[in-house]
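Engineer: If you read the protein sequences in the order shown, they are chains A and B.
Here the first sequence stands for residues 7 to 303, numbered as in this note's numbering.
Here the second sequence stands for residues 9 to 339, numbered as in this note's numbering.
Source of the hints: derived by calculation from the structure; they are not laboratory data.
Bear in mind that the values here come from a model prediction, so they are computed numbers and not experimental data.
You may find that some hints are simply not true.
[Claimed, not checked] Chain A side only, calculated, beta carbon under 7 angstroms to chain B, not exhaustive:
# : residue
1 : Ala-158
2 : Ala-161
3 : Gln-219
4 : Ile-267
[Claimed, not checked] Take a look, some chain B residues computed to stay more than 10 angstroms from chain A by CB distance:
#  : residue
5  : Ile-13
6  : Leu-34
7  : Arg-59
8  : Pro-71
9  : Ala-92
10 : Ala-117
11 : Met-152
12 : Pro-173
13 : Gly-181
14 : Pro-184
15 : Lys-231
16 : Leu-314
Positions of the beta carbon are idealized from the N, C-alpha and C atoms, including for glycine.
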Amino acid sequence: MMRDNAYGAFANLGSALAPDRSVRLDGGGGFFACRGAAVSLILIMLVLAVSALAPLLMPHERDAMNLDSILAPPSVEHVLGTDDLGRDVFTRLIYAGRFSMLVALCAVAIALAIGVFLGAVAGYFGGAADAAVAVVVDLFLSVPVFLVLLVAASAGGGRIWIVPLVIGGTSWMETARVVRSILIPLREEGFVEAARAAGAKDARIVIRHMLPQALPAVVVSATVGFAQAMLVESALSFLGFGVQPPVPTWGNMLQNAHVFIRQAPLAAIVPGFMIFITCLSFNYVGEGLRRALAIER
Amino acid sequence: MKKQIARRLARIVPVVVLISIVTFALLHLAPGGPAGVLSGSSRMSESDLARIRGNLGLDKPLPVQYLLWFKKVFLNFDFGSSYATGQPVTRMILERLPATLELMGAAFAIALILGVSMGVVSAVRRDGPCDQLFSLVSVAGLSMPVFWLALVSIYVFSLKLGVLPSGGRETIGAAPGLIDHLRHLVLPACVLSVGFLASWSRYTRAQLLGAIRGDFVRTARAKGLSERAVIWKHAFRNAALPVFAVVVMQIPALFTGAVITETVFSWPGMGRLFYEGLARHDYPRVLGVVVISSFLIIVFNAIGDLLYAAVDPRISPDGAPAAVDTGVEDA
Numbered sequence: 007m008m009r010d011n012a013y014g015a016f017a018n019l020g021s022a023l024a025p026d027r028s029v030r031l032d033g034g035g036g037f038f039a040c041r042g043a044a045v046s047l048i049l050i051m052l053v054l055a056v057s058a059l060a061p062l063l064m065p066h067e068r069d070a071m072n073l074d075s076i077l078a079p080p081s082v083e084h085v086l087g088t089d090d091l092g093r094d095v096f097t098r099l100i101y102a103g104r105f106s107m108l109v110a111l112c113a114v115a116i117a118l119a120i121g122v123f124l125g126a127v128a129g130y131f132g133g134a135a136d137a138a139v140a141v142v143v144d145l146f147l148s149v150p151v152f153l154v155l156l157v158a159a160s161a162g163g164g165r166i167w168i169v170p171l172v173i174g175g176t177s178w179m180e181t182a183r184v185v186r187s188i189l190i191p192l193r194e195e196g197f198v199e200a201a202r203a204a205g206a207k208d209a210r211i212v213i214r215h216m217l218p219q220a221l222p223a224v225v226v227s228a229t230v231g232f233a234q235a236m237l238v239e240s241a242l243s244f245l246g247f248g249v250q251p252p253v254p255t256w257g258n259m260l261q262n263a264h265v266f267i268r269q270a271p272l273a274a275i276v277p278g279f280m281i282f283i284t285c286l287s288f289n290y291v292g293e294g295l296r297r298a299l300a301i302e303r
Numbered sequence: 009m010k011k012q013i014a015r016r017l018a019r020i021v022p023v024v025v026l027i028s029i030v031t032f033a034l035l036h037l038a039p040g041g042p043a044g045v046l047s048g049s050s051r052m053s054e055s056d057l058a059r060i061r062g063n064l065g066l067d068k069p070l071p072v073q074y075l076l077w078f079k080k081v082f083l084n085f086d087f088g089s090s091y092a093t094g095q096p097v098t099r100m101i102l103e104r105l106p107a108t109l110e111l112m113g114a115a116f117a118i119a120l121i122l123g124v125s126m127g128v129v130s131a132v133r134r135d136g137p138c139d140q141l142f143s144l145v146s147v148a149g150l151s152m153p154v155f156w157l158a159l160v161s162i163y164v165f166s167l168k169l170g171v172l173p174s175g176g177r178e179t180i181g182a183a184p185g186l187i188d189h190l191r192h193l194v195l196p197a198c199v200l201s202v203g204f205l206a207s208w209s210r211y212t213r214a215q216l217l218g219a220i221r222g223d224f225v226r227t228a229r230a231k232g233l234s235e236r237a238v239i240w241k242h243a244f245r246n247a248a249l250p251v252f253a254v255v256v257m258q259i260p261a262l263f264t265g266a267v268i269t270e271t272v273f274s275w276p277g278m279g280r281l282f283y284e285g286l287a288r289h290d291y292p293r294v295l296g297v298v299v300i301s302s303f304l305i306i307v308f309n310a311i312g313d314l315l316y317a318a319v320d321p322r323i324s325p326d327g328a329p330a331a332v333d334t335g336v337e338d339a
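Please model the complete structure; the sequences and the hints are all you need to start from.
Structural biologist: Listed below in structure tokens is the structure:
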């Protein structure tokens, strides 16, 4: 997909950094013409690989506490030092990537399931169904969802599967909106008429004929949604209502960080940096995909 | 217009009631509910426990408990008493409200002024160095966990540089003064504003670029108006409305950010009150904060929608944009 003429590559250099580009330059450009997206993809692969290989790479036991070396500064043995219970920060950091990304992935899957379903119902049937979905979307967008989400997570009592459930259950609105807006004009298309005339049922028309058209937009919304879900999980876990230690996530590694930031600044900064870099990468990849798949906002 | 306002206001009550029911149910879903917390936290005898439950009304069926709570709120604006301190929740919240509104107001102002300016510069000098820098800043801002930014800024500005306090609303023991107050406000307000600044600058840029391509801008240029007049008098005025709509829509997120920011910076506001209440299973407090902040958010939203409708004649009475070609829509 990489364009070999200089015009194509350079025409998109600016847009690589401009995620809200509302006009596509004539230079066009696929995913890899967007330098930010390409670098981000490599970063994501790296983070994924390291997380997947965590048991091989880790220098220490994940939850092994050593009360003799609490909040130790970085050393050869503990590359990033130790936390307030004497656990190796580097080991936990690698493991945390697994849980942070797994939770975000499950949350996105749930959000997509709800969002695509409600968006399809609203877009295909229109009328009363559309109005009903609009009311629900409006409701979710107009209240402090995060507060209710915190209450729900705390009611979940620290069970890990509650976390993706509540995040997914409160972040499907954008997907629903996107799917709805793509399906509405399709209703009048000839191929839908034809499928209907051929006796296809509503579900089949939607799934086989209409939803594939929404797929690119759904992929983009899932990519950006992944970053969002990760941020919400980290905030939940940071506040102590998300994933509970000793299971590490990048968010809950920072739980007591502000108390110990004086003694162990590295332990307070590195996990958050991982969240930042990963989310940034997903946002750039989402942008690259949006441009490559020519999706209007 | 009066009818519009009435209809918009009529929507507020059912939404707040719904939120309170959901929150109430969730709190009682927690293992053991409020009573379970009491029994788990102390070595009380069964009879003491039963007496406490009776005093707090926790022995009644859930719907009855909810209705009793609702009646007190509705008639007397009484959210009950905190389990932890015994203080009336209404008073606790009202005491904390000014601090929260101050923090959110400051963050809102910073985000609006900086965000819109950045968006305008980006759009006017499209693809220039400023545009690229601001785009980078806004994606970074949207990818950054608020609490981490708070930690890093505490580390840099109060531990390393020692120029700003790391938390609280004023120096304890010192004479209250405006400067001291502002020094405490700077870090939390800036941290809270980053996400909004990022999103509003992107949105302003996109809307303004759309407006600049509009026919009316071409006409204005053809009339020989100066570029400054074209941008500010014609393009920006058209872009400002949708930006305003998005700003209003994101007010709920300000409350979210406030919970996290207030917690990290020990800012004595409603967000921290909520967080502490949840951590201590102080359910009347949690419920009170959720209901009052939902109410405030929905009222802000309604005011925003009505202002929007009042300013833009193309908006239909429901608050939805009418199907008129605005020259901006096809951006």
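Engineer: Each hint needs a verdict: does it hold in this structure or not?
Structural biologist: Consistency of the hints with the structure:
Because the smallest distance between the Cβ of Ala-158(A) and any Cβ of chain B comes to about 5 angstroms, under 7 angstroms, the interface hint for this residue holds. The interface hint given for Ala-161(A) is met, as the beta carbon of that residue sits about 4 angstroms from the closest beta carbon of chain B, less than 7 angstroms. Against a cut-off of 7 angstroms between C-beta atoms, the interface hint on Gln-219(A) is violated, since the closest Cβ of chain B lies about 20 angstroms away. A cut of 7 angstroms between beta carbons decides the hint on Ile-267(A): the least distance to chain B is about 6 angstroms, and the hint holds.
The beta carbon of Ile-13(B) is kept farther than 10 angstroms from every beta carbon of chain A, the shortest such distance being approximately 17 angstroms. With a least CB separation of 5 angstroms from chain A, Leu-34(B) falls inside the 10 angstroms interface cut-off, contrary to its annotation. Distance to chain A confirms Arg-59(B) as a non-interface residue, since its nearest Cβ pair spans about 26 angstroms, more than 10 angstroms. Non-interface call for Pro-71(B) relative to chain A: holds, since the shortest CB-CB distance, roughly 18 angstroms, exceeds 10 angstroms.
With a closest Cβ-Cβ approach of about 15 angstroms to chain A, Ala-92(B) is found to remain outside the 10 angstroms limit, as its non-interface label requires. Non-interface status of Ala-117(B) relative to chain A is upheld: no Cβ of that chain comes within 10 angstroms, the nearest being about 20 angstroms off. The beta carbon of Met-152(B) sits about 5 angstroms from the closest Cβ of chain A, which is not more than 10 angstroms, so the claim that it is off the interface is violated. Taking the minimum C-beta to C-beta distance to chain A, about 14 angstroms, the non-interface status of Pro-173(B) holds against the 10 angstroms cut.
Interface exclusion of Gly-181(B) from chain A stands, the closest Cβ pair being 21 angstroms apart, more than 10 angstroms. Non-interface status of Pro-184(B) relative to chain A is upheld: no Cβ of that chain comes within 10 angstroms, the nearest being about 25 angstroms off. No Cβ of chain A approaches the Cβ of Lys-231(B) within 10 angstroms, the least distance being about 25 angstroms, so the stated non-interface status holds. The non-interface label for Leu-314(B) is consistent with chain A: the shortest C-beta to C-beta separation is roughly 14 angstroms, beyond 10 angstroms.
Hints 3, 6, 11 from the earlier list are contradicted by this structure; the remaining hints agree with it.
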